[in-house]
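*Asks:* In order, the protein sequence lines correspond to chains A and B.
Just so you know, the numbering used here puts the end of the first sequence at 89, numbered straight through with nothing missing.
Just so you know, the numbering used here puts the end of the second sequence at 147, numbered straight through with nothing missing.
Simulated from the structure, these hints should not be mistaken for laboratory data.
Remember, it's a predicted structure, so these values are computed and weren't measured experimentally.
There could be a bad hint or two in this list.
[Claimed, not checked] Below, a sample of chain A positions facing chain B; criterion: calculated Cβ distance under 7 Å: (1) 16; (2) 17; (3) 18; (4) 21; (5) 65; (6) 85; (7) 89.
[Claimed, not checked] Straight line, CA to CA, 20 Å or less: simulated SDA-like cross-link-like pairs of lysine to any residue: (8) 112(B) to 22(A); (9) 112(B) to 50(A); (10) 112(B) to 4(B); (11) 112(B) to 133(B); (12) 112(B) to 66(A); (13) 112(B) to 85(A); (14) 112(B) to 78(A); (15) 112(B) to 68(A); (16) 112(B) to 89(A).
Glycine included, C-beta positions come from ideal geometry on N, C-alpha and C.
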Amino acid sequence: MPTRAPATVTVHLVFLARYAELVGCETADLAVPAPATVETVLTAIRTGLSRGGELPARPVCALNHRQVPLDAAVSDGDEIALLPPVAGG
Amino acid sequence: MHLTERPIDIALLISLVEAPGRGGIASFLGTVRDHHAGRQVERLEYTAYRPMAEAECARIVAEAEARWPARIALEHRIGALGVGDIAVAIVAASAHRDGAFDACRYVIEELKHRVPIWKREYYTDGSVAWVDPTVPGGVVELEPGTP
Chain A
1 MPTRAPATVT
11 VHLVFLARYA
21 ELVGCETADL
31 AVPAPATVET
41 VLTAIRTGLS
51 RGGELPARPV
61 CALNHRQVPL
71 DAAVSDGDEI
81 ALLPPVAGG
Chain B
1 MHLTERPIDI
11 ALLISLVEAP
21 GRGGIASFLG
31 TVRDHHAGRQ
41 VERLEYTAYR
51 PMAEAECARI
61 VAEAEARWPA
71 RIALEHRIGA
81 LGVGDIAVAI
91 VAASAHRDGA
101 FDACRYVIEE
111 LKHRVPIWKR
121 EYYTDGSVAW
131 VDPTVPGGVV
141 ELEPGTP
């Protein structure tokens with residue numbers, strides 16, 4: 001039997017600094033239809049999370065601790081973080 | 001480890017990179033300023049996306065060490081800081097001053113753009129805001145009801 005690709009991918013979301021305040025949580029798990037990109041996940045966040053629609057249209061996103069473009073493909077178990085503009089130093 | 005909750009010890013950082021062959025040591029210290037955008041700052045709090053911040057700091061240090069013949073130490077404070085506290089320290093040691101200055105400058109500029117660290121400022125008038133260099137005024141007021 002050939003292995004079938006899963007119909008959904010579940011990703012671990014991390015909201016940071018004021019984005020965490022906005023959506024009211026620091027982490028969440030979210031299932032989206034496969035195949036998925038970071039953009040797919042953002043769309044699901046906007047509609048699925050309270051006040052998710054108030055996040056910027058194109059926030060800086062990190063996939064497994066590296067900044068990526070929004071068309072980057074995501075896999076089951078990936079960690080996607082939404083990063084407000086940074087202010088270290 | 002590049003992030004620390006403890007006060008930064010600049011002498012310790014120098015000891016990590018100094019060597020007989022490195023005759024030029026440049027350092028940069030970023031300290032907590034008492035004002036921002038016309039408001040008096042009383043204290044601040046740094047938060048980080050820790051695993052990525054550690055990885056990004058390591059990448060920046062590796063890039064600088066590949067580009068210049070230098071050894072670099074880098075630490076950034078996380079948590080509550082008061083005015084005058086050292087928030088970030090970079091020490092670059094090289095055979096000569098050019099490599100040390102250039103590597104040190106590279107690390108602080110890249111850190112400010114790439115490392116996921118955020119700053120919440122507490123002002124003497126009781127107000128609190130997130131620092132955001134991309135918005136007019138440079139800060140975003142806290143969400144109502146946020147502790």
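*Asks:* All hints are to be evaluated individually against the structure, with a verdict given for each.
*Replies:* Verification of the hints:
no.: 1; hint: 16; verdict: holds (5 Å)
no.: 2; hint: 17; verdict: holds (4 Å)
no.: 3; hint: 18; verdict: holds (5 Å)
no.: 4; hint: 21; verdict: holds (4 Å)
no.: 5; hint: 65; verdict: holds (4 Å)
no.: 6; hint: 85; verdict: holds (4 Å)
no.: 7; hint: 89; verdict: holds (4 Å)
no.: 8; hint: 112(B) to 22(A); verdict: violated (24 Å)
no.: 9; hint: 112(B) to 50(A); verdict: violated (31 Å)
no.: 10; hint: 112(B) to 4(B); verdict: holds (17 Å)
no.: 11; hint: 112(B) to 133(B); verdict: holds (10 Å)
no.: 12; hint: 112(B) to 66(A); verdict: holds (16 Å)
no.: 13; hint: 112(B) to 85(A); verdict: holds (10 Å)
no.: 14; hint: 112(B) to 78(A); verdict: violated (26 Å)
no.: 15; hint: 112(B) to 68(A); verdict: holds (18 Å)
no.: 16; hint: 112(B) to 89(A); verdict: holds (6 Å)
Taken one by one, the earlier hints fail for this structure at numbers 8, 9, 14, listed in ascending order.
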